[in-house]
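Work from the hints to combine the two standalone chains into their complex.
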Amino acid sequence: MKFQAQPEITVRINGAGHHVTADARVTLLDLLRERLHLTGTKKGCNFGECGACTVHLDGRRVNACMILAASVDGREVTTIEGLAKGSELHPVQQAFIDHDGFQCGFCTPGQVMSAVALIEEGHASSELEIREWMSGNLCRCSAYPQIVAAVKAAAEKGLG
Amino acid sequence: MESFAYGRAESLDQAVAAGAEPDTAFLAGGTELLNWLRLGIATPKRIIDVVRLDGLDKIEPIANGGLRIGALARLNDAAQHEIVVRHYPVLSQAILKAASPQLRNLATIGGNPVQKTRCAYFRAAEKLPCNKREPGSGCSALNGLNEKHAIFGWTEACVAVHPADPPVALAALDAMFVTEHRDGGRRIPATEFHTLPDKRPQDHNILRHGEFITAIELPAPAPRSAYLKIRERESYEYATVSAAAALEMEGSTIRKARIALGSVAHRPWRLTAAEAKLAGIEIGDRDALRAAIEASFADARPLSHNAYKIPLAKNAALRVIQTAARTSA
Numbered sequence: 002m003k004f005q006a007q008p009e010i011t012v013r014i015n016g017a018g019h020h021v022t023a024d025a026r027v028t029l030l031d032l033l034r035e036r037l038h039l040t041g042t043k044k045g046c047n048f049g050e051c052g053a054c055t056v057h058l059d060g061r062r063v064n065a066c067m068i069l070a071a072s073v074d075g076r077e078v079t080t081i082e083g084l085a086k087g088s089e090l091h092p093v094q095q096a097f098i099d100h101d102g103f104q105c106g107f108c109t110p111g112q113v114m115s116a117v118a119l120i121e122e123g124h125a126s127s128e129l130e131i132r133e134w135m136s137g138n139l140c141r142c143s144a145y146p147q148i149v150a151a152v153k154a155a156a157e158k159g160l161g
Numbered sequence: 007m008e009s010f011a012y013g014r015a016e017s018l019d020q021a022v023a024a025g026a027e028p029d030t031a032f033l034a035g036g037t038e039l040l041n042w043l044r045l046g047i048a049t050p051k052r053i054i055d056v057v058r059l060d061g062l063d064k065i066e067p068i069a070n071g072g073l074r075i076g077a078l079a080r081l082n083d084a085a086q087h088e089i090v091v092r093h094y095p096v097l098s099q100a101i102l103k104a105a106s107p108q109l110r111n112l113a114t115i116g117g118n119p120v121q122k123t124r125c126a127y128f129r130a131a132e133k134l135p136c137n138k139r140e141p142g143s144g145c146s147a148l149n150g151l152n153e154k155h156a157i158f159g160w161t162e163a164c165v166a167v168h169p170a171d172p173p174v175a176l177a178a179l180d181a182m183f184v185t186e187h188r189d190g191g192r193r194i195p196a197t198e199f200h201t202l203p204d205k206r207p208q209d210h211n212i213l214r215h216g217e218f219i220t221a222i223e224l225p226a227p228a229p230r231s232a233y234l235k236i237r238e239r240e241s242y243e244y245a246t247v248s249a250a251a252a253l254e255m256e257g258s259t260i261r262k263a264r265i266a267l268g269s270v271a272h273r274p275w276r277l278t279a280a281e282a283k284l285a286g287i288e289i290g291d292r293d294a295l296r297a298a299i300e301a302s303f304a305d306a307r308p309l310s311h312n313a314y315k316i317p318l319a320k321n322a323a324l325r326v327i328q329t330a331a332r333t334s335a
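As you go down the protein sequences, you meet chains X and A in turn. So the first sequence is residues 2 to 161, counted in this note's numbering. So the second sequence is residues 7 to 335, counted in this note's numbering.
Source of the hints: derived by calculation from the structure; they are not laboratory data. The reader is advised that the hints may include incorrect statements.
[To be verified] List of simulated lysine-lysine pairs, DSSO-like, C-alpha gap at most 30 angstroms:
#1 K3(X) with K51(A)
#2 K44(X) with K86(X)
#3 K51(A) with K133(A)
#4 K158(X) with K86(X)
#5 K283(A) with K3(X)
#6 K205(A) with K51(A)
#7 K64(A) with K122(A)
#8 K44(X) with K133(A)
#9 K153(X) with K86(X)
#10 K122(A) with K44(X)
#11 K3(X) with K153(X)
#12 K64(A) with K133(A)
#13 K122(A) with K205(A)
#14 K64(A) with K3(X)
#15 K51(A) with K122(A)
#16 K44(X) with K205(A)
#17 K262(A) with K283(A)
#18 K133(A) with K122(A)
[Said to hold, decoys possible] Beta-carbon label-pair distances, calculated as ranges:
#19 L129(X) with A23(A): 41 to 51 angstroms
#20 F48(X) with E238(A): 14 to 24 angstroms
#21 A69(A) with E77(X): 52 to 62 angstroms
#22 R92(A) with H38(X): 40 to 50 angstroms
[To be verified] Chain X stretches covered by chain A per the calculated footprint, using a threshold of three residues with CB under 8 angstroms from any CB of chain A:
#23 5 to 16
#24 21 to 30
#25 43 to 56
#26 99 to 106
From a predicted model like this one, the values you see are computed outputs, not experimental measurements. Note that the Cβ used here is the ideal one computed from N, Cα and C, for glycine as well.
The following block holds chain A by itself, in its conformation from the complex (with noise of 0.2 angstroms):
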């Protein structure tokens, strides 16, 4: 680990003036930081610790009837709160289904969606061809081990997908990143906020350098919603795919689905084919489903060893769409 200076914020203002610094990174939860400086993932000279910050981690309701997540809020606390848990299932579901119940108390909703690829070839020990680490050198999963990797919206120059639970949830959700930066802080809807790796694959996300997630903010509660996770093994492991699902019911037809997946591309994958098709279908019309589903599958291409991702996804987000009806409103 190379060296660093640590410095402790006293305040927003404090960390966003420093934190526009060139060389200096923010210390939230430290759950992904620790790993990188370790990797040589990230070698800032200084640490800024803002995991204290007064009142950013505090949860409450917002005006038109959503909720607003401090960043600063653990993820166990987060999920666990009694508002997420009732109006917004998705989320706690994503949430709960994410990394060790000691990590979560270590990490923030703010810092979890900032983590970066799990692509062995991207955290090598030892480096590898990779155009994150290094721009130009190529991409070691294109014709390597890439079973775990992208099915849509991959490129040459990476394949990698994005391993976070919660901005699947947050995607469907259409939540809202609010960030400050010292020249001006601004909105990033759930779903633009991971980058893909068409221009600079280097990039995880659009944060500028210095810019921080103060909150998230999502819109009217979704009380029918669904989270479901593909893993190797039950618990505490990455997803080979995930699915999220938020639905508004009439009866047991369906007015209106936002559907995301995970795990299948370098953002979180919106259905928005399917989305459109699936509005005025019967809940119980299996075959229905599966064909409107289909319709977000066009543009999916698999990779040397991932064929199995697709039937794998249209799976899941059949049975997330189901679960999500059956969620009591």
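Just chain X, with the same shape it has in the complex (with noise of 0.2 angstroms):
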């Protein structure tokens, strides 16, 4: 087996592709702020406990924190950068800001990035059961009933 202290990276991230050589402790997370610049993915307690470094790994939600760099390579990531297609909104960015679904922000990329997934693996049916599947992204705001009208706006219109 093959052991390296500074791992080659070859990911693809908003359908670009990125090859990078970094330490072998750097998360996903940190690659994408402090190596790709994609600020959009927030760090918060960077334990996984606040959801709002919330990213797509090969299609589903996951926290960036707790991912290592090396272990993504040859995979494909989504960040919020990579929802809006030009200067148009998703959808569910578009519910989030119809339904006030925020007010400092900070958690939002990570709430957003949740309710894109929420909606596709079909946990949208319900004010209950999406407040359920959003529980893994804390707000500190509490903006939570918006957040829930926004989400199941976006739901219905079948716009995840």
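Below, the structure written as structure tokens:
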């Protein structure tokens, strides 16, 4: 087995290929923010507790702070920067604006990434189910009622 | 975080051979290991990424009507697998009440039981006396903040509880952990996987260094089963107390009961004495159910701040039995 302190990583992020060499300790979150300057993904707790760093890895929502960058070699990542088409917001982003789904905005990229995945997973059948399946995203401004309303509205329009 | 080198295993043999070397750790979902690295709970020199190993995430029926869940099956996939939902509702429910959707997309069924206690003294960023972190240093929780700690099986060396939900269901189901090791694998009953702090309080489970869980095997289906998790908020929180029940019924009479409590001890706590008394009881006979449960609490011992957990655990056991009985077979 080959062990490397500085592994090479080839990864597709928001459709673009990247090739970097990074310390083995670097997380996907720090790779995104510090090396690739994709700062939309937020660093909240850095312990997998707050959900601010939620991204999609091969189409599934995950906490970027809990993943070593080396382990995403050959895989596909979507971040909040990859949702909009040019100047046209993703429907879930628009729903968060329409329903006032945030206050300070720090948790919003993670909330939106989680919501997009939740709708695709089919977990938006009721407010109760949305609350349960959004529970990995904390909002210290407590915009929860508006967030649930935004997710519900986007899901009803089939806009995951 | 201390430096380490990263390598990806291309086969189970390769992982098991390299994993037995000193200062080496396995990386599966990573949702525990990364926090251990950040807190200094683990300081490996080499990390073996095993999560892409072929075929170890399969969920498939086995002989005798059981089910084999590959250790690398993600928690969300295991919980929502058709057979698990239908035949082992207690496990599906326990998994879906654990962690968050994002973490369950990373965490694996084989990694989950290996997580360590959430005792705040054990996880403190600044080292505090803790026999798990530093054997011989003492237990800060024994006379400290222990309202979430053990009521069964604790010693003065450690009063921590094991926090995970799935192992409680696995203990009630009499599941087996299947392992590989350079010196040979084995099968470990889920009820014996976690240790009690009587001999080596620093341990969490009986895995040897380099031992790798490859699968979890469930015996025959337990469609009349349920999981109850009591916590301070509705979702995304560790249990204060949890309870798993798997029943066999004859009409409204309990024929066989298997009950395990979570977050009351350093391992899932089977209510063996209660189980023996539950056989033959009518499910509607609440007093008889209560009396049977009582038999397993003779050795419950509260700490300074957690006496409330004793009635809470009794009530949780009662409710989960009633819920399991109502679950349609």
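Now the hints, each set against the structure:
no. : hint                                    : in the structure
1   : K3(X) with K51(A)                       : holds, 13 angstroms
2   : K44(X) with K86(X)                      : holds, 24 angstroms
3   : K51(A) with K133(A)                     : holds, 21 angstroms
4   : K158(X) with K86(X)                     : holds, 18 angstroms
5   : K283(A) with K3(X)                      : violated, 56 angstroms
6   : K205(A) with K51(A)                     : holds, 28 angstroms
7   : K64(A) with K122(A)                     : holds, 25 angstroms
8   : K44(X) with K133(A)                     : holds, 24 angstroms
9   : K153(X) with K86(X)                     : holds, 22 angstroms
10  : K122(A) with K44(X)                     : holds, 24 angstroms
11  : K3(X) with K153(X)                      : violated, 48 angstroms
12  : K64(A) with K133(A)                     : violated, 40 angstroms
13  : K122(A) with K205(A)                    : holds, 17 angstroms
14  : K64(A) with K3(X)                       : holds, 27 angstroms
15  : K51(A) with K122(A)                     : holds, 20 angstroms
16  : K44(X) with K205(A)                     : violated, 41 angstroms
17  : K262(A) with K283(A)                    : holds, 10 angstroms
18  : K133(A) with K122(A)                    : holds, 16 angstroms
19  : L129(X) with A23(A): 41 to 51 angstroms : holds, 49 angstroms
20  : F48(X) with E238(A): 14 to 24 angstroms : holds, 19 angstroms
21  : A69(A) with E77(X): 52 to 62 angstroms  : violated, 38 angstroms
22  : R92(A) with H38(X): 40 to 50 angstroms  : holds, 48 angstroms
23  : 5 to 16                                 : holds (count 3)
24  : 21 to 30                                : holds (count 4)
25  : 43 to 56                                : holds (count 5)
26  : 99 to 106                               : violated (count 0)
Of the numbered hints stated above, those contradicted by the structure are hints 5, 11, 12, 16, 21 and 26, listed in ascending order.
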